[in-house]
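First to last, the sequence lines map onto chains W and B. 202 is the number of the first residue of the first sequence in our numbering; add one for each residue after it. 202 is the number of the first residue of the second sequence in our numbering; add one for each residue after it.
Simulated from the structure, these hints should not be mistaken for lab results. Glycine included, every Cβ here is placed at the ideal spot set by N, Cα and C.
DSBU-like mimics (lysine-lysine), calculated; alpha carbons at most 30 Å apart, straight line:
hint	chain 1	residue 1	chain 2	residue 2
1	W	K444	B	K203
2	B	K203	W	K327
3	W	K327	W	K265
4	B	K444	W	K233
5	W	K382	W	K310
6	B	K354	B	K382
7	W	K233	W	K354
8	W	K203	B	K354
9	B	K444	W	K203
10	B	K233	W	K327
11	B	K203	W	K354
12	B	K327	W	K233
13	B	K354	W	K233
14	W	K265	W	K203
15	B	K233	W	K382
16	W	K444	B	K233
17	W	K354	B	K354
18	B	K327	W	K203
19	W	K233	W	K327
20	B	K327	B	K444
21	B	K382	W	K233
22	B	K310	B	K382
23	W	K354	B	K233
Take a look, some chain B residues computed to stay more than 10 Å from chain W by CB distance:
hint	residue
24	S260
25	R268
26	A409
27	L462
28	S466
There are 2 protein chains.
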Amino acid sequence: MKQVRLGLIGFGNVGQGLAQILAERAEEYARKFGLDLRIVAITDALKGSVYNADGLAPSALLEKITRDGNLVGIAQDDPGICEPGWDALDLVTHSNADVIVELSYTDLKTGEPAASYIEAALRSGKHTVTTNKGPVALHYARLQALAEQNGVKFGVEGSVMSGTPALRLGMELLAGAGVRKVQGILNGTTNFILTQMELGMDYTSALAEAQRLGYAEADPTGDVEGFDAAGKVVILARLLFGKTLRMDQVDRHGITQLTPLDIASATAAGERWKLIGTVECITGGIRASVCPQRLPISHPLAGVSGATNAACFTTDLLGEVTLIGPGAGRLATGYAVIEDILAIYR
Amino acid sequence: MKQVRLGLIGFGNVGQGLAQILAERAEEYARKFGLDLRIVAITDALKGSVYNADGLAPSALLEKITRDGNLVGIAQDDPGICEPGWDALDLVTHSNADVIVELSYTDLKTGEPAASYIEAALRSGKHTVTTNKGPVALHYARLQALAEQNGVKFGVEGSVMSGTPALRLGMELLAGAGVRKVQGILNGTTNFILTQMELGMDYTSALAEAQRLGYAEADPTGDVEGFDAAGKVVILARLLFGKTLRMDQVDRHGITQLTPLDIASATAAGERWKLIGTVECITGGIRASVCPQRLPISHPLAGVSGATNAACFTTDLLGEVTLIGPGAGRLATGYAVIEDILAIYR
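The following block holds chain W by itself, in its conformation from the complex:
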């Protein structure tokens, strides 16, 4: 049995999802994979920091956060736990974690502060896993090189399609099949809105419904203007084709201009509008775009409805291979971390 100690930077939805997975499945993972996964440290700018070199009980963490919204005072109930007042860099330096799980906040402009946390973790010689798009889209080449220099792994499965293993499918299982192009429904919010519009809503009502259900944020720009999908396109370009693109090199169009008439006209023609992210090898380079497209119903991405995501790989040897699954959710994204950890120790 190999003990794998996890240090979490950030304890929001994904961190709590990870804790829930471990509360329910740590024994199964120990039995199946010979890995004893334990959260030993957490730091969260808003929720406090907590540490136990021997491991924190995930159920106790979840109970505390559900009751109080933070971890402050959790040490009172248990003398084995301390609340060291750590920030992210303290956690990297002072905890005994084998894997740093970076789940903090970031954006697609700088990738900070997540990128700096990841850099510190890799420099300290620890395996590092993130589910944040920003640092992967903007800094992957540099961070991966740093991981190699330090003899550790950098896991990023959750940065595209959450725990649906699109990156590992493309990078490992299809690695010898000659992948030429990837097209994806990479943003669940816009796909949900388009599905609602097919059911008869106009754009504004569909957006409001997405906001009501928590799929879209109060400022929906990142989703509806295609920035989120463009970040994932940049990640796919890097991981599948080894090409570094800037965000502004993605030919990006959102869904805000689509009218009920556009939707109806596609439906009448047996087609469906989808916001498609594409990365394609072309002579001398790569072409990347995010753009609403009318797909025939027979296209493997046309039937992907609601907040679901999908990636369709065009390959020399297998033709088209399509993977469909969730693109968000606390358990689905928490599972992306598990996948990366299993791959690190496989």
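Here the structure of chain W is known, so what remains is to put chain B in place on it, guided by the hints.
Here is chain B on its own, set in the frame of chain W:
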């Protein structure tokens, strides 16, 4: 660079597909994976046997087989090659192959002679890869145990959905996600026939069209009565859930009873008939079936048309994850062998 020498038992469609892949991509694989893949030996009951300890040129093999339909006399052109008159067991015993690639003929009643060839290969301490359903459906537990005893790997990716990596997705990438059920379109021939029937053909004409295109055999029983899909269901039960089923434990129904009226009635209700293979964990065991089912258009398997295959995994952590891709074809099945070899040496 690691040299990986392959010994092929059988040089039909799949073996030739594998040779074509290596003719075109061996250099790419060497560069990307550090593996120098070489075919050193081939034996085929009808096409002859050929051996070169340093490797046979795949292009020369393909040229000879295309010209003459066999490999007999190929040594005349090249003093490095010999035609040793080997059968499968000779190849296992006398060649210097590191991996035995078993691509001979077999059936779903005994799994022979493929199963015996695989057994001999594993006993001799060689990694073994097969794309044959029979030995995997009927003898996997025994053969896998033999592989473990001998410290080698037994690769079977090609036995379900050819090179579309459904088995590895379920067994590796989703291994920690709590897979509870798998539903699949596991037979391309019947899916092609059902698609043709939706376009207006009756069953007999659709079958004739499938036969004309080479999707269905002269005796189509194995496909249309669901035996082929049932074999794959047995394989999925074993590999994903660790349960050994006999073929007759699969509740099996074919598509021969479906009428144009059935098809039209489903279409009118916004549904589609698909031949669905299902393996499901239930309290105290497992339930396995192959059965035509009416799926709503919104189901991820409903949009899978023509000879394409698909598998939909129902998981605790990710909900439904669906993989769609080819289920047959010489390059697609040849690539399954490549995937297994890459996994052996990863």
